[in-house]
Amino acid sequence: MEQKFNYPDNEAELRLILDQLYEHALTSWAAGTRPRVKGLLEIITADATILTAIHNLKANQGGNTPGTDGQTMKRDILQMDAEQVLPRVKSLLQRYQPQPIRRVYIDKPGKVEKRPLGIPAIIDRIAQECIRMVIEPILEAQFFDHSYGFRPMRDAHMAIGRVADVIHKTGYHWVVEGDISNFFDNVNHSKLINKLWNMGIRDQRVLMIIKAILKSGIKGEIESNELGTAQGGIISPLLANVYLNIMDEWIIREWDRKKTRSQYKRGFSRGKEMMLRDITKGRCKLKPAFLIRYADDWILVTQSKKSAEKWKSRVAKYLNTNLRLKLSEEKTLITNVEKKPIKFVGFNFKVVKGKSKKGFISRIRPNPARLQSKIDEIHRFTRKMRHIPHKDALVHHINVLNSKIRGVIQYYEPATWVNIDLRKFERDLAWAAYLSLKRNHAVRWTPANETHNLLSVHSEYISGIPAIEYLDRKVGVTSLKFCKWKNSKLKNPLETPFTLEGRKLYTERTGNKSTLARADELMSLHYSLVIRSGRKRGRGGNYNFEFYLNRAYAFNRDKGRCRVCGREVHPPDIDIHHIDPNLPIDLVNKVSNLATLHNSCHEYIHNEVELSQLGPKIRSKVLHFREKVKGLFAVELQRSNHDGAPYAVKAARTVRSGGK
1 MEQKFNYPDN EAELRLILDQ LYEHALTSWA AGTRPRVKGL LEIITADATI
51 LTAIHNLKAN QGGNTPGTDG QTMKRDILQM DAEQVLPRVK SLLQRYQPQP
101 IRRVYIDKPG KVEKRPLGIP AIIDRIAQEC IRMVIEPILE AQFFDHSYGF
151 RPMRDAHMAI GRVADVIHKT GYHWVVEGDI SNFFDNVNHS KLINKLWNMG
201 IRDQRVLMII KAILKSGIKG EIESNELGTA QGGIISPLLA NVYLNIMDEW
251 IIREWDRKKT RSQYKRGFSR GKEMMLRDIT KGRCKLKPAF LIRYADDWIL
301 VTQSKKSAEK WKSRVAKYLN TNLRLKLSEE KTLITNVEKK PIKFVGFNFK
351 VVKGKSKKGF ISRIRPNPAR LQSKIDEIHR FTRKMRHIPH KDALVHHINV
401 LNSKIRGVIQ YYEPATWVNI DLRKFERDLA WAAYLSLKRN HAVRWTPANE
451 THNLLSVHSE YISGIPAIEY LDRKVGVTSL KFCKWKNSKL KNPLETPFTL
501 EGRKLYTERT GNKSTLARAD ELMSLHYSLV IRSGRKRGRG GNYNFEFYLN
551 RAYAFNRDKG RCRVCGREVH PPDIDIHHID PNLPIDLVNK VSNLATLHNS
601 CHEYIHNEVE LSQLGPKIRS KVLHFREKVK GLFAVELQRS NHDGAPYAVK
651 AARTVRSGGK
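Just so we're aligned, residue 1 is where the sequence shown starts under the working numbering, counting upward by one.
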């Protein structure tokens with residue numbers, strides 16, 4: 001039976017609908033049927049969906065990359081009126097004709113060849129994000145458990161952890177390292193659309209939009225694309241997983257769900273161990289196939305070289321016959337991990353003799369070429385500090401540099417000897433930072449635990465790092481050697497963004513809590529009052545789409561309470577105050593420059609009325625806001641980056657005072 005869902009009026013209802021879509025798909029799949037969902041376009045074109053899509057994209061640096069029309073999120077979409085943006089997106093989705101994509105080429109880590117990316121126009125990216133958000137829960141419920149790439153709450157650490165777990169528990173050391181030739185360029189559109197239909201996307205209008213996205217031309221090259229899906233599109237990674245899920249399901253049918261004369265329990269249970277023992281002794285003719293996939297990068301673990309060769313041949317034939325894809329004969333390898341490491345998700349994986357039940361232990365190392373590529377990128381970024389004379393901009397650059405260094409450390413934490421592997425590059429990078437800073441600024445080698453930035457890391461180390469002084473604080477360039485091994489956790493399949501239990505498991509694992517849903521209805525009433533009062537175009541046109549979007553997040557941050565009196569705020573007695581209304585238009589509506597107030601408390605700030613009748617605490621807050629309205633806050637916020645946090649705050653994060 002085909003299922004329809006309600007139209008969401010706010011973000012809370014949208015989240016509930018996404019949960020319901022996931023539950024419906026999961027229940028159908030568990031019962032041996034496929035979900036059938038219609039009426040998806042109405043959910044996709046809802047105001048709440050479009051607002052959430054734009055919020056997702058504006059937090060992504062790619063939102064400021066122009067497409068063929070030259071428009072960006074920050075410079076164009078966020079500066080429009082809300083009455084322009086929402087109807088524009090809805091109209092596009094009702095009669096979808098995508099603009100041609102812009103082709104760019106980026107380096108492949110550790111490789112000479114470049115990867116082609118297709119950059120859609122920003123309005124097309126918004127439309128794609130709306131579609132992705134709504135169809136993803138339907139598809140997620142049916143995806144293969146051990147596919148880890150470009151899926152929510154999954155990462156490369158889980159993929160490499162699964163490899164180690166399978167090899168440790170089975171004792172199998174033969175691996176097929178799969179490589180599909182030019183995968184993204186060879187996705188067959190008809191097969192992909194049919195697969196989406198079979199997985200429950202039964203709204204023909206949505207399927208036609210996806211087909212139009214797939215056929216988007218390339219500016220200056222082709223008018224219509226008849227094959228492949230462009231890397232760089234918002235929806236492309238999800239569609240790639242849909243296409244390769246066909247292969248996943250086939251391998252599962254040929255191994256995990258293969259019917260045998262003797263029925264064994266599945267999973268790594270006693271029954272599974274009995275089956276593996278029977279295979280080893282020749283009593284069972286099954287060819288084991290433990291598949292682990294990360295996007296189009298995949299490996300298959302099996303018990304012997306002969307089995308690996310058979311699986312390689314079978315997969316090549318299946319891909320060619322059913323998906324019209326070609327397995328690269330040159331790059332698809334058969335490897336014994338006792339003798340040679342496999343390359344997977346940026347790591348080299350090998351086993352060596354050691355104390356364990358099977359007599360072998362894992363050795364996980366960073367892939368040298370991939371790691372060197374990342375180090376070279378950091379080195380180039382470090383040297384740019386030579387040309388930054390102003391300290392406020394320099395502190396911001398140090399903050400970004402530190403995030404790049406910590407990103408490399410955190411990615412390679414599962415490596416067995418991560419401290420040894422990264423320490424090789426530490427000295428050269430530290431001296432590059434020191435000499436680059438020395439060009440224009442006073443710099444000293446400072447014990448890390450005496451600096452005022454990255455306290456959660458630096459407080460544990462006394463090694464010297466290059467640091468400068470800024471606003472009586474020491475801001476240092478962090479070190480690659482500040483790292484510790486971290487065991488990669490296996491993925492709990494119950495952890496998902498589309499159930500209460502799944503979100504709870506994610507919070508327990510990461511410490512990250514789900515954000516509150518926007519108060520869309522309350523904020524819509526507030527915006528109506530703004531329009532009615534004639535303030536919408538006042539003060540240089542501050543009330544643009546970015547204001548329309550961010551006021552709800554400011555309200556959530558303030559927990560629905562007035563920043564002056566501290567009491568709860570309810571409509572119609574609500575106002576969202578610009579802390580410094582004199583900032584440039586690209587800064588004035590950042591969440592950090594918005595404050596939730598009662599109308600009456602707002603009047604105290606803008607009108608020079610007597611405050612003696614107010615309590616000392618409230619009076620102090622009013623005076624504080626009055627000072628910032630006069631422009632004293634402008635200098636600090638103008639130095640901010642895309643998320644509105646001042647450079648000095650981003651670097652030092654006001655975690656310690658006075659250098660003590």
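A portion of the hints provided could be inaccurate.
[As the list claims (entries may be wrong)] Quick list of in silico lysine-lysine cross-link-like pairs, DSBU-like style, CA-CA up to 30 Å:
#, residue 1, residue 2
1, Lys287, Lys306
2, Lys343, Lys355
3, Lys191, Lys312
4, Lys74, Lys38
5, Lys350, Lys169
6, Lys340, Lys374
7, Lys58, Lys491
8, Lys339, Lys355
9, Lys340, Lys357
10, Lys343, Lys358
11, Lys211, Lys4
12, Lys114, Lys404
13, Lys504, Lys111
14, Lys195, Lys169
15, Lys590, Lys58
16, Lys305, Lys384
17, Lys108, Lys404
18, Lys374, Lys355
19, Lys74, Lys191
20, Lys287, Lys384
21, Lys630, Lys617
22, Lys486, Lys340
It is worth saying that the hints were derived from the structure and are not from the lab.
Quick caveat, the model's predicted, so the values are computed rather than measured.
Do the hints match the structure? See the list:
1. Lys287 <-> Lys306: holds, 9 Å
2. Lys343 <-> Lys355: holds, 24 Å
3. Lys191 <-> Lys312: holds, 23 Å
4. Lys74 <-> Lys38: Outside the cut-off at roughly 34 Å; violated.
5. Lys350 <-> Lys169: holds, 15 Å
6. Lys340 <-> Lys374: Holds, because 24 Å separates the two Cα atoms, which is no more than 30 Å.
7. Lys58 <-> Lys491: holds, 29 Å
8. Lys339 <-> Lys355: Cα-Cα ~18 Å, so holds.
9. Lys340 <-> Lys357: Measuring from Cα to Cα gives roughly 21 Å; hence the hint holds.
10. Lys343 <-> Lys358: holds, 22 Å
11. Lys211 <-> Lys4: Holds, at roughly 22 Å.
12. Lys114 <-> Lys404: holds, 22 Å
13. Lys504 <-> Lys111: Violated. Lys504 to Lys111 sits at ~40 Å, over the 30 Å cutoff.
14. Lys195 <-> Lys169: Answer violated: Lys195 to Lys169 is near 34 Å, above 30 Å.
15. Lys590 <-> Lys58: Roughly 11 Å between the alpha carbons, so the hint for Lys590 and Lys58 holds.
16. Lys305 <-> Lys384: violated, 50 Å
17. Lys108 <-> Lys404: Status holds; Cα separation ~17 Å.
18. Lys374 <-> Lys355: Violated, at roughly 34 Å.
19. Lys74 <-> Lys191: Roughly 37 Å between the alpha carbons, so the hint for Lys74 and Lys191 is violated.
20. Lys287 <-> Lys384: Status violated; Cα separation ~54 Å.
21. Lys630 <-> Lys617: It holds: about 21 Å lies between the C-alpha atoms, which stays within 30 Å.
22. Lys486 <-> Lys340: holds, 24 Å
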